[in-house]
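> Residues per chain, in single letters:
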Amino acid sequence: MRSGALRLALPALALVLIVSMAARAQTPNKQSFEVIEHGRYMATAADCTACHTVKGGQPFAGGGALETPFGVLLAPNITPDLQTGIGGWTDDAFVNAVQNGIGHGGIYLYPAMPYTYYSKMTRADVIAIRAYLDTVQPVHNRVVANQLPFPFNQRETMVGWNALYFRPGDFKPDPSQSEEWNRGAYLVEGAEHCGLCHTPKNAMGGDEGGRAMQGSALQNWYAPDLTGNRHAGLGDWTVDDIVLYLKTGRNRYDIASGPMAEAVTNSTSHLTDADLRAMAVYLKSLPPGGRAAPQPISDQDPAMQHGRAIYDNQCAACHGGGGQGIVGLFPRLSAAPLVQQEQAASLIRVVLEGSRAVATAGAPTGPAMPSFAWQLPDADIADVITYIRNAWGNAAPAVSANDVGKMRQALHREAQQAP
Amino acid sequence: MSSHPRVPGHADPGRSTMVTRRHALLPSTALLLVAPETRAEILPGGTGMPWRPFAGHPPEVVKPGPWVFFTPEEGAAVEALVDRLIPPDPETPGGKDCGCAVFIDRELAGGYGTASGIYMSPPFLPATPEQGLQAPLAPAQFYRSMLAALDQFCRAAYAGKTFAQLPDGEKDQIITRMEDGSLQLQGTVAKPFFEILLRDTRQGFFADPVYGGNRDMAAWKMIGFPGARYDYRDWVERHNERYPHPPISIAGG
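Just so you know, the protein sequences line up as chains S and R, in that order.
Take 1 as the starting number for the first sequence in this note's numbering and just add one per residue.
Take 1001 as the starting number for the second sequence in this note's numbering and just add one per residue.
Read the hints as simulated data drawn from the structure, not as lab findings.
Hints are not guaranteed to be accurate.
What the hints assert, rightly or not - Examples of chain S residues lying across from chain R (beta carbon under 7 Å, computed):
1) Asn313
2) Ala317
3) Gly321
4) Gln375
5) Pro377
Stated by the list, open to error - What follows is a list of derived Cβ distance ranges for each label pair:
6) Val1061/R - Ala415/S: 19 to 27 Å
7) Asp236/S - Ile1118/R: 58 to 66 Å
8) Pro1072/R - Glu262/S: 55 to 63 Å
9) Thr135/S - Glu1060/R: 51 to 59 Å
10) Gly71/S - Asp1231/R: 43 to 51 Å
11) Gln417/S - Glu1241/R: 24 to 32 Å
12) Trp1235/R - Gln416/S: 41 to 49 Å
13) Ala293/S - Arg1052/R: 30 to 38 Å
14) Pro69/S - His1239/R: 30 to 38 Å
15) Arg1052/R - Asn402/S: 20 to 28 Å
Note that the Cβ used here is the ideal one computed from N, Cα and C, for glycine as well.
The following block holds chain S by itself, in its conformation from the complex (with noise of 0.2 Å):
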């Protein structure tokens, strides 16, 4: 009988919801302080201005530089300045840029722009953005977006590369999931793009079929597995877990640095506790993906030794004698994720220049880790990540000295790059 009424239930929830989405389907009054609000709010979870704000400079005004793999690409001005930004655009310019990569004047736009995620956002929350950016200040400033070298600067080329990896259309809510989980799904897919980051691409910066949120390298970092394999994935970790990091950027494992941090400051840590906790819920209903587990690597192997008496000397006075690390201050190594990616690019690159945790009203710290490049060469960076990438029931694989002398001169070139 219970279960009966349940299955009237279900189609009824369902139906509620989707009433409920075309009624915001229809478009808003973009003078109402409601839309314009909703707006910000979801200008934030699509942290726009990860890209479009040059750090320090005026929001939305564009021109910082985004490295992709090929070549480089300037951020557009988005504020509504009527010559150099978006004020002269329709709405459906603004909806076709944002959901269909197709921008003024009928040019495709690059990818490094996550049309391929917001095309999942409902058209009643991009323009909710329009509106919002439509109060920002306006500013002058002409940002020639196509720094790309040939063939990758005829935009043309994007038909292809849309017909192969881009599939547009809204979020469809999965009736048989929770609202909280459709909640969670829309802003992961959508507007959070988490994928943009966190999915392994191809040769062709296409997301690889079957491998989503698997992990993937970008920018010298590794982006880690966010499915729910135990190993190297979120599989351990709690909805709790998941929403107090996104929220404070750090919880019993993990303190986010590098990329995430920027999104912890700008995106994540903004979101309400039950966007995250949509959020949370869907993530872990990612099911495990990657590979399993490999065979840690003998504790007897040279390496092994060497890098567990640098450890002893170097690391274990803040990650603890067993890598157990001190909950918000220093992250923990024995059993993490992050440690046991398939790539150590994010462990030689902090080994190598230290990193800044990220710091929110949530955890206000934001420790830090001191730079080793100037005391430890390439071998000991090598065999030390080695050891914590396979003590104390960790396993993943060795990494060698010639991965991080390459880190130190991508990194080295980075600093030098850098404003």
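Knowing the structure of chain S, use the given hints to seat chain R on it.
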């Protein structure tokens, strides 16, 4: 009657006049007048502390090589002195092989040698030891004059030999007389020099190897000091157990 020069860290007990409050205040008033302008910066809220990649102030590690401050003769004399103050024994190499002379050479070449952090202008008045340095000679000049006087004394007393060329027994006799105050070098009581030399030798022996002494952390290994380790939380609750890790320098490793 011998003269008693005022030397670094050593007050003349024979005089009753003390540094007056007026004398003591004058230098600090001068400091106030020339205090440099400091600038404060307000950090925007919620952004955390500023950070840049590869940040850090690695310690400057003393490199082996020729003397920086000492002449070859002075270097030989100091090596001979530190090797008698800390003679080689089964537990550690001597002061020379542990780098104590290198340590002293490098510190005399730096701010310690020129007393750069210390008010060195007159008046130089008799004072209690607690009142600190009351002397016109910075440590580098003081070492230089006393080492010259030592070799001059040895050449005169030991048939033209310098201190470094003497057999150990005679070196020890001279050092003993320096310590007990009975030896005068060029009309100057050698005891203050002995005290400074002994202190600097000990510091060279036990200081971090980045400063040129304590070579191979021999002194730390002897006393079981684990060096510049940052944290011992894992060991706080473990009693009557030998700490197993070798010492490390602030330069790492």
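> So, against the hints stated earlier in the document, which numbers end up violated here?
5, 11, 14
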